[in-house]
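What follows is the residue order along each chain.
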Amino acid sequence: MTDTKIALKPKDFETDQEVRWCPGCGDYAILKQVQTAMAQLALRPSDVAVISGIGCSSRFPYYINTYGLHSIHGRAAAIASGLRMANPNLSVWIATGDGDCLSIGGNHFIHLLRRNFDLNILLFNNQIYGLTKGQYSPTSELHKITKSTPVGVIDHPLNPLSLALGADASFVARSIDRDGKHLQAMLLRCEQHRGSSFLEIYQNCNIFNDGAFELFTDKATKADTALFVEQGKPLVFGTEAQYGIRLDGHQPQRIDLREGSFSADDLWLHDETDLYKAQLLARFFDDPRTTPNALPRVFGILYAAQRPCYEYDLNEQIAQQQAQKGTGNLDELLSGNETWFIA
Amino acid sequence: MPFQYKDEVTIKFAGDSGDGMQLTGNEFTGNTALTGSDLATFPDFPAEIRAPQGTTAGVSGFQLHFGSRRIFTPGDRCDVLVVMNAAALKSHLNSLKKGGILIANIDGFDHKNLRLSKYPDGDNPLQNGSLTDYELHALPIGKLTREALRESPLGTKDKERAKNMFVLGFLYWLYDRDMQSTIDRLNAKFARQPDILQANLLVLKAGWHYAETIETLGTRYRVAPAPLPAGEYRNIMGNEALSIGLIAAARQLQLTLFYGSYPITPASDILHHLAKHKNFGVKTFQAEDEIAAICAAIGASYGGNLGITGTSGPGLALKAEAIGLAVMLELPLVIIDVQRGGPSTGLPTKTEQADLLQALYGRNGECPAVVLAAHSPSDCFDTAMEACRLAVQYMTPVILLSDGYIANGAEPWQFPTADQLPQDWKVKFRQTLQADEVFLPYERDEKWVRPWAIPGTDTLTHRIGGLEKEDGTGNISYSPANHEYMVKVREAKIAGIADDIAPQTLTEGVENGDLLILGWGSTYGAIRSAVRDLIAEGHSVAHAHLRHLRPLPRNLGDLLRQYRRVLIPEINNGQLVKVIREQYLLPAVPFNKIQGLPITSAEIKIAALSLLS
Ligand code: SF4
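If you read the protein sequences in the order shown, they are chains A and B.
Residues in the first sequence are numbered consecutively from 1, following our numbering.
Residues in the second sequence are numbered consecutively from 1, following our numbering.
Possibly wrong hints are sitting among the right ones.
As the list claims (entries may be wrong) - No farther apart than 20 Å at their CA atoms in a straight line, the calculated lysine to aspartate or glutamate pairs in the EDC-like style are these:
| no. | chain 1 | residue 1 | chain 2 | residue 2 |
| --- | --- | --- | --- | --- |
| 1 | A | Lys-144 | A | Asp-210 |
| 2 | B | Lys-276 | A | Glu-338 |
| 3 | A | Lys-144 | A | Asp-286 |
| 4 | B | Lys-426 | A | Glu-191 |
| 5 | B | Lys-189 | A | Glu-338 |
| 6 | B | Lys-276 | A | Glu-316 |
| 7 | B | Lys-276 | A | Asp-313 |
| 8 | A | Lys-11 | B | Asp-458 |
| 9 | B | Lys-276 | A | Glu-332 |
| 10 | A | Lys-9 | B | Asp-458 |
Claimed, not checked - Partner residues aside, some chain B positions facing chain A, computed with beta carbon under 10 Å:
| no. | residue |
| --- | --- |
| 11 | Pro-229 |
| 12 | Glu-232 |
| 13 | Tyr-233 |
| 14 | Gln-254 |
| 15 | His-277 |
| 16 | Ile-294 |
| 17 | Ala-300 |
| 18 | Tyr-302 |
| 19 | Gly-303 |
| 20 | Gln-414 |
| 21 | Thr-459 |
| 22 | Asn-482 |
| 23 | Lys-488 |
| 24 | Arg-490 |
| 25 | Glu-491 |
| 26 | Ala-492 |
Keep in mind the hints are simulated off the structure, nothing from the lab.
Beta carbons are placed, not taken as given, at the ideal position from N, Cα and C, and that holds for glycine.
Chain A extracted, bound-state conformation:
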């Protein structure tokens, strides 16, 4: 990336390709926020590469005027890893979906996170297979009726943030397509984080899974079901900020501040560098539709910490070896240690 800041507009990141998602799809909102974030970050389009796999979300690269590679199902993480190793100066973004990333690409996903390549992973989670027209996905809720589960899903749904933390992700966040401002802020933080930035974005598929996240966006229910965490702030939610989360030992507890047993001072303060607390927050995974007094779903940055990135360490090793041994003498390599002459 060049240091010279250039004034860019979101429009500079649009391509001439007709966007082909279904009208009303949540992907449009995400696309707009990503283009805005890239402009905001003054990224030079030619220094950006967007890599995707297969699925509705994976059409993303075609609509962003940067370098882009629309690859094969599940493999974006592996391709992006190779690209980062080849050129650590690029800003690399992975656009992936719940099937692409967590099902067929699950293995690459965890290994990418563990290696902590310096890139951004945008997981468009719509809890359904859209492109193949409506089969359940690894994040679909139990008992869901879909084309491939006419009598209901019996697959236990995967918790992407817990999985990411289990793989030692260095940055784990969640946002939602309908909240442009929040999504925008999360995207900026992703790019600023050094390491694998994993952002799960709840995305509405209005064709095959409409309203999957409505409780988290609907005015009437949002405040009571969604908790937006901010660094250093207490965990408070509810239409009148009447609910909070406190820790009872290691047990998170939903409390009603109006009851008077606890005050705001008793609440858990969010610390995004605390891995243990992040793991608890990721476990706030109740389905508000079926669980009364559920723990709220957490949005924001659950965890962000610094640790080494694979590609920088790789280059460091190469530099060290070159400092020690020189940059490689081809003649010595060709001849090896022992030769003999035939007259």
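Fit chain B with the ligand to the given chain A structure using the hints.
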């Protein structure tokens, strides 16, 4: 004592994994090279890691073939067999020629060893008269070693370890060798362990003196230097030659070499070799699986590196979809398949050539990629260079086939110097646009090759992907006519490479004749030796060996038609023969062996003679 001169000799060292047979074999090989012999070697590792000591599953072998004439294979059958225990005898006696020298370590034939190697109770092959067809020298090697080290401060275990030096000294005497190369190497290796150094030197000399003293050795042997081209040589194994070839190619192309791989026998050594050469700027990446390995290589090529992945048959199967992506993206990529016995997990430590059809056709859709095959350990270098050249110059995946036999085999190599390598390979990335020009990622040159424009290049932002694309723009296209056109264009690009490769030549023999033996891959040495013999015996036979399997050399059909018969030996159930029959409508005759073992030149001679009669 008289010296007998031999044209060629094959020696096999066999013993328990812990007996140091690979080291002994390599040491004798290094010494042999200095005498000017031509040679070839092949290690025969135990099939199982940590197989129980003393069992046939745990036997490790090393075969060396050397001579005063040109040597192309590690040898069909042995003149000398060294066995350190009963299991080694059981596993390898069938490879010893009648009348051959058998050197057996008596200490490895005690009750325990005999039982573990499943000889009938009370039956010791060294004593029961079953070995009268051979010149048997049964020596108490363990005991003699311990005696030689009576004064040594080493513990019993360490003393025991030196017994392979006894064998080496014994053979050095038998073949009238100067032991200095081994003495020098021991001095270097054990410079900081004087007790071990002393022990090894003592036992080495004890072996020599013992051979000199005992009366039973009637003859000593000498082998004159071979008519090798004058020059400087080194010994090289296939996987190492391949690795060096990749590094050299990257240098000449002025690209960073990126190697993504997942551990798999027998390809892992390429990863090990390359990982040692980080100072050449080589990036190695041990991926989480075979698919990640190739996808990372594709990502690296997309980013402007020379992306390479290496594997064996099962891994090639896993990589198929990603190879298809690289064909669609039209990015440089080299895929190395060091073949082993299949299908499925098959015979991981045994050799086979059964991935040819997989390499040629094993992908969804019309999916042409270049396919090359190396034919010997040192040829892996040239083939690796060629694979990288074609991948980059034609923006295409190239599959390079090697196999377990070549990968672990070794031979002398008259290596090139850096300035003898091609100097005009420097890659030209697409960098700029003319005024008003719109960048077309799939605009093609006269060879149907698209430009390589890498992320980070100003003004050339573009999108590519695995969906069918419009020619020129690279935009997604579902147009029926465009799809057919693109399929044909991708095919034409690969087919056109035939104009850029050398016409097929003969390795042995002359044009027009009774029989052409056509081979590919590791059958090279056996075919060439057989054809030399047949020609010497007056037969009208020739040998051609393919490096380029897709596209095939332009003149191949005409060449094949110059012979009455065409014989195609392969270590598979008949794969190249299918391609040749289909391509040229020729009644080529297959000769197949599918035992996880190389085809021998004797077998090829028999197959050839049956067609000649
Ligand atoms: S199927 Fe669903 S996810 Fe896919 S484009 Fe349509 S609305 Fe969006």
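Checked hints:
no., hint, verdict
1, Lys-144(A) with Asp-210(A), "holds, 13 Å"
2, Lys-276(B) with Glu-338(A), "holds, 18 Å"
3, Lys-144(A) with Asp-286(A), "holds, 15 Å"
4, Lys-426(B) with Glu-191(A), "violated, 35 Å"
5, Lys-189(B) with Glu-338(A), "holds, 14 Å"
6, Lys-276(B) with Glu-316(A), "holds, 15 Å"
7, Lys-276(B) with Asp-313(A), "holds, 16 Å"
8, Lys-11(A) with Asp-458(B), "holds, 18 Å"
9, Lys-276(B) with Glu-332(A), "holds, 14 Å"
10, Lys-9(A) with Asp-458(B), "holds, 17 Å"
11, Pro-229, "holds, 7 Å"
12, Glu-232, "holds, 5 Å"
13, Tyr-233, "holds, 6 Å"
14, Gln-254, "violated, 12 Å"
15, His-277, "holds, 7 Å"
16, Ile-294, "holds, 8 Å"
17, Ala-300, "holds, 4 Å"
18, Tyr-302, "holds, 6 Å"
19, Gly-303, "holds, 3 Å"
20, Gln-414, "holds, 8 Å"
21, Thr-459, "holds, 7 Å"
22, Asn-482, "violated, 16 Å"
23, Lys-488, "violated, 23 Å"
24, Arg-490, "violated, 17 Å"
25, Glu-491, "violated, 21 Å"
26, Ala-492, "violated, 24 Å"
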